[in-house]
Amino acid sequence: MKRWRLFLNLLTAALLFLFATDIYSQTNGQGNYVLDADQDIKYPVNYNIPSIESIKNVLDREKNYFVASTPYKIINKDTFKEITDFSSPNKDAEIDVRTGEFNTWTYTMGVVYAGMDLVFEVTGDKSYLDYAIKNYDFIFDNLPYFRMVDAKFGTNKRQLDRIISMSALDHCGSIGAALIKIYNRHSDQRYRDMIDTVAEYISHKQFRLEDGTLARQRPEPKSLWTDDFYMSIPFLAQMGKLTGDNSYYDDAVKQVIQMSERLFVWEKGLFDHGWNAHNPDDPKFFWSRANGWAMMAMVELLSVLPENYEGRDEVIKILRANTRGLAEVQDGTGFWHNMLDKESTYLETSGTAMFSYAITRGINNGWIDYTYAPVAIAGWNAIASNILPNGQVDGICVGTTFANDNVYYFNRPTSVHAMHGYGPVLLAGGEMIKFINNKQFDCKLNKAIFVKPSEE
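Numbering (my numbering), first residue to last: -5 to 450.
No lab work stands behind these hints: they were computed from the structure.
Keep in mind that the hints are not guaranteed to be accurate.
[To be verified] Derived pair list, reagent style DSSO-like, types lysine-lysine, alpha-carbon separation capped at 27 Å:
1) K120 - K146
2) K336 - K50
3) K50 - K311
4) K120 - K75
5) K278 - K235
6) K446 - K50
7) K128 - K75
8) K50 - K438
9) K85 - K128
10) K235 - K216
11) K146 - K311
12) K120 - K151
13) K428 - K446
14) K146 - K85
15) K199 - K67
16) K262 - K120
17) K446 - K36
18) K262 - K216
19) K36 - K50
20) K36 - K248
21) K50 - K151
22) K75 - K85
23) K151 - K311
24) K235 - K75
25) K128 - K151
26) K438 - K36
27) K120 - K428
What you are looking at is a predicted structure, and each value in this text was computed from that prediction instead of being measured.
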């Protein structure tokens, strides 16, 4: 009996010791209880649901940077002296882009103008729309003069030669799609004439494969770039809405499906950067921004494509698979790596912004399940941490060609002057404001970020 009592006493003492140890582990060592261990976690970026005010502050910072940095001058490219006499052509005339290509015809500024349009839509802040209109007007005000310069001296890689000698999707698709959006708010016949010029180029002049897939003739004679999702599909989609001509919708849907047949890797849920007809089994490189171009193009198409349109379900299927693939490779900082499946590559801003925008837009419209909202929110919080005090965007990969080795992709530098990330930041912020305002969902931080359908 004594032995049994001794055993019970020892067991009780052991249990009391374990209980006391557990209690101590839940305190700060001074008897003060830590009610939630998660509160001591130091996240690399803000892990919370952003406020509309904080989002708008980020967007305003970037917009103010554009406004302050955009000159509206024609200069002599050798002397930098401003040209004010446009009665006769000057072979050295050029748009002043010394501070950046803000007021000229580029695909990157097309995304910026689309972003400005969206922020105006969701906030009513007309300064965003005014910036886009002012820049387009500057282009069209000066286009006749540069046509005169080119007629006399020939093309010489001037800024507006992309309009005058349109010869690639990069020259027209992205900025043409944004032009339609701005035209819908600001009717100008010059805008409409250029819209028709872009439509003629994409529909009838751009190189295509035998099955009608839009293609490039570099680096190989028959190549596909995932970038060209965005350089073509949003414009075709907007033309379908503008004109009521379903052939534009048909072409846009066809491009998504046929490009994806060659570029989308279902096992990973990711897009390869490029494809060559002569070697369809070439190595796969899952570059972040290429996936961003594709994802943004799909949500732009779905935004205007009529319900029950043929091929719509297939587009949504690809979008959802891409969303899952991207969610699974998101970094613990909220960013995505420049090479999505290579954690040794740097964290990159433009792709992160594109994914945050597209996923949020998909959730707002019901194409993507709301359980992916924390992925997009984490992406936005990461982006916000890379907006500098002066409004510049840090961590943007510079222009990147379709290559066939990791050495090239791994060593692409970043620059605040790479315009590829600025438009996506505006789009991501604008769409996130829509999400925060969306009465369909309740967002709460309860250790983790949770989103569920609203009970209202």
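Going through the hints against the structure:
| no. | hint | in the structure |
| --- | --- | --- |
| 1 | K120 - K146 | 40 Å, violated |
| 2 | K336 - K50 | 33 Å, violated |
| 3 | K50 - K311 | 32 Å, violated |
| 4 | K120 - K75 | 33 Å, violated |
| 5 | K278 - K235 | 35 Å, violated |
| 6 | K446 - K50 | 24 Å, holds |
| 7 | K128 - K75 | 22 Å, holds |
| 8 | K50 - K438 | 20 Å, holds |
| 9 | K85 - K128 | 25 Å, holds |
| 10 | K235 - K216 | 30 Å, violated |
| 11 | K146 - K311 | 52 Å, violated |
| 12 | K120 - K151 | 34 Å, violated |
| 13 | K428 - K446 | 16 Å, holds |
| 14 | K146 - K85 | 8 Å, holds |
| 15 | K199 - K67 | 32 Å, violated |
| 16 | K262 - K120 | 42 Å, violated |
| 17 | K446 - K36 | 26 Å, holds |
| 18 | K262 - K216 | 25 Å, holds |
| 19 | K36 - K50 | 25 Å, holds |
| 20 | K36 - K248 | 47 Å, violated |
| 21 | K50 - K151 | 37 Å, violated |
| 22 | K75 - K85 | 14 Å, holds |
| 23 | K151 - K311 | 41 Å, violated |
| 24 | K235 - K75 | 44 Å, violated |
| 25 | K128 - K151 | 23 Å, holds |
| 26 | K438 - K36 | 19 Å, holds |
| 27 | K120 - K428 | 17 Å, holds |
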